[in-house]
Amino acid sequence: MKTGHAALHNVIFGEKPGHPVRASIIEEGRTVPLEEAINDALEKLPLKKGRNDPAPWRRPARTLELAFDLKKDAKTTDQLIAGVLGVTKGRAFQLRHQALRMMRHPTRARRLRQFCTEP
1 MKTGHAALHN
11 VIFGEKPGHP
21 VRASIIEEGR
31 TVPLEEAIND
41 ALEKLPLKKG
51 RNDPAPWRRP
61 ARTLELAFDL
71 KKDAKTTDQL
81 IAGVLGVTKG
91 RAFQLRHQAL
101 RMMRHPTRAR
111 RLRQFCTEP
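Numbering (the numbering used here), first residue to last: 1 to 119.
Among the hints, erroneous ones may be present.
Stated by the list, open to error - Taking lysine to aspartate or glutamate and the DMTMM-like style, the derived pairs with C-alpha atoms no more than 20 Å apart in a straight line are:
hint, residue 1, residue 2
1, K89, D78
2, K71, E36
3, K44, E27
4, K44, E15
5, K44, D78
6, K16, D69
7, K71, E35
8, K71, E43
9, K71, D40
The hints are simulated quantities; they were obtained by calculation from the structure and are not laboratory data.
Kindly produce the complete structure, drawing on both the sequences and the hints.
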């Protein structure tokens, strides 16, 4: 299991860093890994349209992918996220927290909560 996915899961549910998370669950007779469940939840986040962007894009999902390094092996700072998204560092911080609030919504969090382990 990638550490970025586990770290994102722990942040969504307010767990301490390093808290154990199940690597997979059984759902409808098949094994679902944590990475797949998180990627599904990210794909279902609402599309946001930038001011100068005529088409909606995946800004909340992209912010979390960068912040929790869901594609590579190193976390990215708000400063680097700001550069990629073309916003200020403060706005990158706001976008990350907005995306985390969206991930905590009951419709998305219900499936991810199954990966929680008992303390």
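A quick look at each hint next to the structure:
The straight-line distance between the Cα atoms of K89 and D78 is roughly 6 Å, inside the 20 Å bound, and the hint therefore holds. Restraint check for K71 and E36: satisfied, since their Cα atoms lie roughly 13 Å apart, inside the 20 Å limit. At roughly 19 Å between alpha-carbon atoms, K44 and E27 fall within 20 Å of each other, so this suggested pair holds. Distance check on the hinted pair: K44 and E15 sit about 23 Å apart at the alpha-carbon level, beyond 20 Å; violated.
Between the alpha carbons of K44 and D78 the distance comes to roughly 23 Å, so the proposed pair goes past 20 Å and is violated. Note on K16 and D69: the hinted pairing holds, with a Cα-Cα distance of about 18 Å set against a maximum of 20 Å. Taking the CA atoms of K71 and E35, the gap is about 11 Å. The hint holds against a cut of 20 Å. Between K71 and E43, the direct Cα distance comes to roughly 14 Å. Compliance with the 20 Å bound is thereby established for this hinted pair.
Between the alpha carbons of K71 and D40 the distance comes to roughly 14 Å, so the proposed pair stays at or under 20 Å and holds.
Going down the numbered hints, you'll see the structure goes against 4, 5, while the others check out.
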